[in-house]
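**Student:** Chain by chain, the residues:
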Amino acid sequence: MTQAQLAERAPVASTAPLLSVRDVSVVFGGIIALNGVSFDMQQGHILGLIGPNGAGKTTLFNCLSRLYQPSKGDILMNGETILNRPAHKISEIGIGRTFQNVALFPNLTVRDNVRVGKHARTNSDIISDSLKLPWVRKGEADINKDVNNILDYLDLHHVADTIVSGLPFGTQKRVELARALAAEPKILLLDEPAGGLNHEEVYILGDLIRRIRDDRGVTVLLVEHHMGLVMSIADHVVALNFGKKLAEGTPAAVQKDPAVIKAYLGDKDS
Amino acid sequence: MSTVQDVSTAPVVAAVPKKAMALGPLASLIILALLIVTPLFVKNFIIFQMTMWLIYAIAVLALNILTGASGQFSLGQSAFYALGAYTSAILMEHVGVNYALTLPVAGLVCFIAGFLFGLPALRLSGIYLALATFALAVAMPQLLKLGVFEHWTGGVQGLVVTKPDAPEILASLGLKVSQDMWLYFFTLAVTILIYIFSVNLLKSRSGRAMMAIRDNEIAASAMGVDVSLYKTLAFGVSAGITGVAGGLGAIAVQFVAPDGYTIQLAIALFLGVVVGGVGWLPGSLAGAAFIVFVPNIAEHISKGLSGAVFGVILIIIIFLLPNGARQLAYLAQGLIGKLRKH
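Chains A and B, in that order, are what the protein sequence lines are.
Per this note's numbering, residue 70 is the first one in the first sequence, and the count goes up by one each step.
Per this note's numbering, residue 5 is the first one in the second sequence, and the count goes up by one each step.
Simulated from the structure, these hints should not be mistaken for lab results.
Be aware that one or more of the hints could be misleading.
[To be verified] With a Cα cut of at most 25 Å, we get these calculated BS3-like pairs of lysine-lysine: (1) A/K141 with A/K313; (2) B/K167 with B/K180; (3) A/K201 with B/K207; (4) A/K214 with B/K180; (5) B/K207 with A/K207; (6) A/K141 with A/K158; (7) A/K255 with A/K214; (8) B/K47 with B/K167; (9) B/K207 with B/K47; (10) A/K214 with A/K201; (11) A/K158 with B/K207; (12) A/K325 with A/K314.
[What the hints assert, rightly or not] Not close to chain B: a few residues of chain A, all C-beta gaps over 12 Å, as computed: (13) K141; (14) E149; (15) P175; (16) L177; (17) K214; (18) I302.
[Claimed, not checked] Label-pair distances were calculated between CB atoms; the ranges are: (19) B/I200 with A/K207: 16 to 26 Å; (20) B/L324 with A/K207: 42 to 52 Å; (21) B/L150 with A/R91: 56 to 66 Å; (22) A/G335 with B/G338: 57 to 67 Å; (23) A/Q138 with B/F259: 30 to 40 Å; (24) B/L332 with A/P175: 30 to 40 Å; (25) A/D211 with B/I200: 43 to 53 Å; (26) B/G341 with A/A321: 54 to 64 Å; (27) B/H98 with A/N147: 56 to 66 Å; (28) B/G341 with A/Q169: 35 to 45 Å; (29) A/N192 with B/L147: 35 to 45 Å; (30) B/E303 with A/Q169: 51 to 61 Å; (31) B/A104 with A/K214: 35 to 45 Å; (32) A/P121 with B/G315: 29 to 39 Å.
Even glycine gets a Cβ: it sits at the ideal position worked out from N, Cα and C.
Turn these sequences into a full structure, and let the hints steer you where they fit.
**Tutor:** This is the structure in structure tokens:
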């Protein structure tokens, strides 16, 4: 018990955090979806965000990807607020995401989906694009090179020119990951990546996330129901319940935290 | 790597890319050759009809970019067509600008108009956007009749446009080219240019951004696509191309009048997109052929009931080919592939 509490109070704060969530609250009508949540993300960590249904995980996620505006608090990346940026200006500062139920562009090929991922890292205008001017050709060549590398990296080459809607769910998830990686993110937000996967697939996914972090130096925020996955790959875990932070610390510490156990399993008396 | 592969087995999907937006080089060349050779052997009236066919093909292509690529509906294309037609006509008849030079101006004017109309349209989607553009189409003929503009537009009477002659250099080379023939080849050149530019656009970063928006707006914006910008750009580009078609139409018909650009034209263009195949640019040619030639065929079958015959033909086509001419093209492609194997 004391050991758990010790671990909980010893966050690894040797360097300045890459991303910090400061006292963020979100109110919908009369419902408080998030209530003063704060935590830090360290460069190169995998941070697991857990909590039962309705805990506010997705709300927080949507604040980070700028779909929601917090009513209070701030979110800082490298010490600078991201809250003055619209949703489409978030990927250029290095925040990439995947979606809970896969949000690909279903009528495009795998390759084109990943190419769209390069949008924030490239420039063009409709006139040069229509005329296919020399710098457009060069830009496309660069895009294709990067996209090929990513397709190789995630082993998607054999389906590169297939329309994405016809692919199995697991492959679609990998395409989404490829699309997010194409934008060269510093932080990757993963919204329930294990949802809809079987036991073995979850295991492989965990390996993949760790590999992406190690190979590409990407910091990962993992919002996940699947406790097994979070506990096996996260460096640091934040637990939410009813919009409040319940516990924070190493996976082992959070797992043993009585408040977390209560939130997940219910009271002994009830 | 092998571990990742296990996440899913290889998919069993048809090898034909369903959303290829352009034709292959061979098919393009065959169609181009037909478009060049045919007018040399037919009467002037048929040449005129073929010119109108190409002009409508440009307008259908413009709507196809808007609906097929960016996923926005418009029943107001007739308004942009009218704006382009009047811009060309006024520049030619009042200012004395060369007919060819009026087209870029018509395109630019309509691009700006379309872009501006696209801004409020951002708040609407699907059928509501269709209704807003419908209102534009209904209002346009009346705006053109307004007394304020009468000096320029000619009011209800409209404007008569002079038909251009073939350039003299052709005559000095010993080629006798009639006005209709010249205008046809001029229109064909404009059509080819617009087609190439459109294919380039859709295959580029901008085109992918538009298609991403069509498929999933939230995901597109998470990838850094400025959804509002690309939606309004799509409106602008579509209106601009429609404006060029309108300008060409004014020159070919030699006349512009408010009642030539009613909602019926907008619906015809919409029909052209559906018959040609939504999102398939070469289908624009087939869609335009449908709206130019099928009414004539219907009239040939029954003068009194031509509208009903047209309707029946339309229903049969939609029933047999719900994906339009594109479906036919893929059927043909499949057949040719089979024949080659044997």
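**Student:** Now tell me if each hint is right for this structure.
**Tutor:** Outcome of the hint check:
1. The suggested pairing of A/K141 with A/K313 holds, with an alpha-carbon distance near 14 Å, which does not exceed 25 Å.
2. With a C-alpha separation of about 17 Å, the suggested pairing of B/K167 with B/K180 holds against the 25 Å cut-off.
3. Proposed proximity of A/K201 and B/K207 is supported: the alpha carbons are some 10 Å apart, at most 25 Å.
4. As the CA atoms of A/K214 and B/K180 are separated by approximately 52 Å, the hinted pair breaks the 25 Å bound.
5. Taking the CA atoms of B/K207 and A/K207, the gap is near 14 Å; set against the 25 Å cutoff, the hint holds.
6. Restraint check: the Cα-Cα separation between A/K141 and A/K158 comes to about 21 Å, which is no more than 25 Å; the hinted pair holds.
7. Taken as a hint, the A/K255 and A/K214 pair is honoured in the structure, with Cα atoms around 20 Å apart against an allowance of 25 Å.
8. At most 25 Å may separate the alpha-carbon atoms for a hinted pair to count; B/K47 and B/K167 meet this at roughly 18 Å.
9. Taken as a hint, the B/K207 and B/K47 pair is broken in the structure, with Cα atoms around 38 Å apart against an allowance of 25 Å.
10. In summary, the hint linking A/K214 to A/K201 is supported, as the alpha carbons are separated by about 18 Å, within the 25 Å threshold.
11. Our distance criterion of 25 Å between C-alpha atoms is met by A/K158 and B/K207, whose separation comes to about 23 Å.
12. Taking the CA atoms of A/K325 and A/K314, the gap is about 16 Å. The hint holds against a cut of 25 Å.
13. In this structure A/K141 is separated from chain B by more than 12 Å, as the shortest Cβ-Cβ distance comes to about 24 Å.
14. For A/E149, the non-interface assignment is confirmed: its Cβ lies about 18 Å from the closest Cβ of chain B, beyond the 12 Å cut-off.
15. Separation of A/P175 from chain B is inadequate, the least Cβ-Cβ distance of about 6 Å not exceeding the 12 Å criterion.
16. The beta carbon of A/L177 is not kept farther than 12 Å from every beta carbon of chain B, the shortest such distance being approximately 6 Å.
17. At roughly 15 Å, the least C-beta separation between A/K214 and chain B is larger than 12 Å, which holds for a residue marked as non-interface.
18. With a least beta-carbon separation of about 15 Å from chain B, A/I302 lies farther than 12 Å from that chain, consistent with its non-interface assignment.
19. Remark: the range hint 16 to 26 Å for B/I200 to A/K207 is upheld by a beta-carbon distance near 19 Å.
20. A C-beta distance of roughly 45 Å is found between B/L324 and A/K207, which places it inside the suggested range of 42 to 52 Å.
21. Range check, B/L150 to A/R91: about 58 Å between beta-carbon atoms, so the 56 to 66 Å window is met.
22. Our hint of 57 to 67 Å for A/G335 and B/G338 holds, since their Cβ atoms are close to 59 Å apart.
23. In this structure, A/Q138 and B/F259 break the distance hint of 30 to 40 Å, their C-beta atoms being roughly 55 Å apart.
24. The given range of 30 to 40 Å is broken by B/L332 and A/P175, whose C-beta atoms sit roughly 24 Å from each other.
25. Range check, A/D211 to B/I200: about 23 Å between beta-carbon atoms, so the 43 to 53 Å window is missed.
26. A beta carbon spacing of about 60 Å between B/G341 and A/A321 agrees with the range 54 to 64 Å that was offered as a hint.
27. Look at B/H98 against A/N147: about 60 Å separates their beta carbons, and that is inside 56 to 66 Å.
28. Separated by about 40 Å at the C-beta atoms, B/G341 and A/Q169 satisfy the suggested range of 35 to 45 Å.
29. The given range of 35 to 45 Å is respected by A/N192 and B/L147, whose C-beta atoms sit roughly 38 Å from each other.
30. Distance hint check: the CB atoms of B/E303 and A/Q169 are about 56 Å apart, consistent with the given range 51 to 61 Å.
31. The supplied range of 35 to 45 Å is met by B/A104 and A/K214, whose beta-carbon atoms lie about 41 Å from each other.
32. Between A/P121 and B/G315, the C-beta spacing of about 58 Å breaks the proposed range 29 to 39 Å.
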